[in-house]
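Trainee: Using the hints provided, position chain B relative to the given structure of chain A.
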Amino acid sequence: MSDTSMSDTGASTASVQPRPEVRAPGEWNFPQPRELVLPNGIRALVHDVPGQYVISVRATVPVALRHEPREIEGVAWIMARLLDEGTRTHSQRELSELLERRGVAIGAGMSEAALGVDMDVPQRNLEEALALLTECLSEPVFAETEVARLTRTRLAEIEQERASAGRRALKEWAKTYYDASSRASRPGSGTPDTVAAITRQAVVDFHAEHVHPEGATVVVAGDLTGVDVDALLAGSLGAWTTSGRTASVEPAPAPRAADAARVVLVDRPGSVQSEILIGSPGPDRRVDSGWAPFPILGYVIGGAPNARIDEVLREDKGYTYGIRAGFRPRQIGSAFTVSGSVRADSTVDSLRLLTQILGEVGTGLTEQETRAGVDFMTLTAPGRYDTADAIADETSGLAGDNLPLTFTSDVIAAMRELTPADLDAAWREHVSQERTIIVVGDAQLYRDEVESLGLGPVTVVPN
Amino acid sequence: MHFTLEEHTLPNGLRVVVQPDDTTPTVTVNLWVGVGSRHEEAGRTGFAHLFEHLMFQGSANVDNGEHFQALMGVGGRLNATTWFDRTNYFETIPSGALELALWLEADRHANLLAAVNQANLDNQRDVVKEEKRQRYDNQPYGQALSTVYATIFPKGHPYHHPTIGSMEDLDAASVQDVHDFFTTHYAPDNTVMAIVGDVTAERAFALVEQYFGHITHKAAPRRGPVAPLPPLTEPVRVEVVDEVPNDRIHLAFRLPAEGGDTRRDFLAASMALDCLGGLSFSPLEQHLVLDEQVANSIDVGAMGFVDGVSLGLVVADVAEGVDTDELEEQICAELTAFADEGPTPEQMEAVRAQAERGWLSALAAKDERADIIGHYTCLHDDPEYINTFLYRLAEITPDDVRAAADRWLRPQSRAAVVYRAADEQEEVA
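Just so you know, the sequences run in chain order A and B.
Numbering that gives the first Met the number 0 puts the first residue of the first sequence at 0, with every later residue one more than the last.
Numbering that gives the first Met the number 0 puts the first residue of the second sequence at 0, with every later residue one more than the last.
Please keep in mind that the hints were generated in silico from the structure rather than gathered at the bench.
Be aware that a few hints might be false.
[Unchecked claim] Dumping the calculated EDC-like pairs for lysine to aspartate or glutamate here, alpha-carbon to alpha-carbon at most 20 Å:
# : chain 1 : residue 1 : chain 2 : residue 2
1 : A       : K316      : B       : E130
2 : A       : K174      : A       : E158
3 : A       : K316      : B       : D197
Next comes chain A alone, as it looks inside the complex (with noise of 0.2 Å):
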């Protein structure tokens, strides 16, 4: 039967056409916005992007988790979500309508050390959104209910979060892997006693303390045709003033745990997945050698089906969907980070191919896999970054953490520069050996196997 397909495809096969060269890509650049200042200091970038209809605003504010009172950490994120929640002018119910009837997306979070307002909306309805938004950030009443509902939606979703493998081994690991002392120790958004413990006084209080335009900065992209942005810009956020100053968002470190490197089983009876997280200490986006070669070993070990993970674990094995590899940099240093789900039964050889994969990184990348890497980093650019939002985000990325307007373009000029040996440098020099380990998954499983592949001490916890 087979014989009878083949020679249907065969046929095909005898007209086919000589394999194509790829034409070389011009130059590109990230587009650099337009730079001004508003009347209140406010910086804004604005980029005029033909085409893309719908407008991209993202603005940030210098707020810091570590600000946050210890006991009623979660705050912040509170705060931010309930901005266009009601406002003195609107009640929470007016403000949702006028949003969503001018086709209006807002949406506010927090990151380490910004409060980030993100808007989209039809160009057309620009000037009436950007009132809308500075009238968030500006007058936010935190009606008593609304404290309330979002406290305990919050607490709703803490447990969701706990039954997400994901996302349950992400808050393990940040326990392991930071010292106790550090805010990054800590969930973002709190836990269930310091949620529980917000009071609304507690929201108006850190609005009142730390919202301020002092140090904020607005990105602005789209279609800017025939739309006076400075002027609407000026009357809206430009116009935002408080009494309060900015207190300081200068990059902190997030100490390690003295005991970080080891390995830590979060355990869930019956689960037919292990959800694995190896992180380990990198540089951030300024250490002195250049970010370049960080997110082309990222793609090399685990950004791809073909990178070395995957070849591996996927491909050869069988083991996985897939396990991605990457950089997660924060203020100051970073998170090398390996994470995916495997088959219960394949967890302890996951494990071990995993770090033997990560150990043979330190005896040299192939030029065929450095060129595969720039290449794939340097030529999806153009791709990655031909929406309003995308360039807004980037914008506001490099804006937030005060990195150069140009550092999206010098990375990637850096980058078509390297060489093996670079790559190699930059591994050894700055990205620690010292692993920890979590897995969330069912620990009886594997938990003696695991402790014979000497990976450090294993500790069991509880779901």
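Mentor: Same frame as chain A, now just chain B:
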């Protein structure tokens, strides 16, 4: 806003739609093959998706893994997906790599079987099983949608089983099945190619002719759509006790098929769901999440299908300490009120405005734009849909929305899949 489309069908039946856009030096190629899990036979569920994986394992002139490697190495971002109605394969590449992308696609779409063997079938079967475990079996509520499909669509119906299939059926798949599946479904006359980006229509057509013109294989004749399914006449329900964080209610509704005579009805039903629960001032959200706070969240959505029926969903995450049955009754009361009274003008305005922004955002990216063109050309014979959707949406009246809710979204037509959190005793036992 208007996108210029050029269309050409090769003599072998391959339909090509080109949307030139030189704003950035990239181009997206997206092939929609008219086969999905709705075409699977009993005992072979999950096969369309498993087959999709094999399309990356090499073909006559391409090595195992080379498809990914070759395209990523020249700056391509690529993948493929399988769904009930179709399978798609896509890449966005620098314009200079368009020919290579077409050559690679042509090789696997014409000459896949030369490379299929037991070893790569076994390997990808394992990978797909891990995909299933990761996305369904090892996720809280991970089986909810599969249970919904099995509950609301009758046994044997094309949408009764999920695209991921069953472990037993995946185990049963043989190399012969791969050959038969390819021969039956993968052919130019069952494929649509959308090309969006930095290329002229003239050049794109010439290149497609050059790389795909020689393929003579024909797909087996397509069956017509199955008979339309009416709304359920009385509620059906499945109760699931599982180790989940809290109770969750999934209410599912049959909706009209998206396409053909019922396209407008589908759109109206989809808007009805958005009015009911998609806005912050929708009745489900306003009353049950914001005011009474008996649900942590309520999500609504419509999935458009082509085989005689679509699917509407209302999913409520039950707040701590709230009686789940009471919440279900409250949701039902809101459904009834909406079906009686219809939407407010403010709801209609907001649903249209949100849909417009979502649509423009989707079309802003070449890869999504190509996917939408492929979708509406392959399944609905309507490439121009990208230019007409917002007008169609504007034509739906409040009365259309009320009528759709009245016919499709009444409580008696619901299929309920209710998850109840196993209590501590049961967990220990």
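Trainee: Check the hint pairing A/K316 with B/E130 against an upper bound of 20 Å on the C-alpha distance.
Mentor: Holds - the C-alpha atoms of B/E130 and A/K316 are around 14 Å apart, at most 20 Å.
Trainee: Please work out if A/K174 and A/E158 have their alpha carbons no farther apart than 20 Å.
Mentor: holds (17 Å)
Trainee: What's the verdict on A/K316 and B/D197, does the C-alpha distance respect the 20 Å limit or exceed it?
Mentor: violated (40 Å)
In this structure, the one hint that does not hold is number 3.
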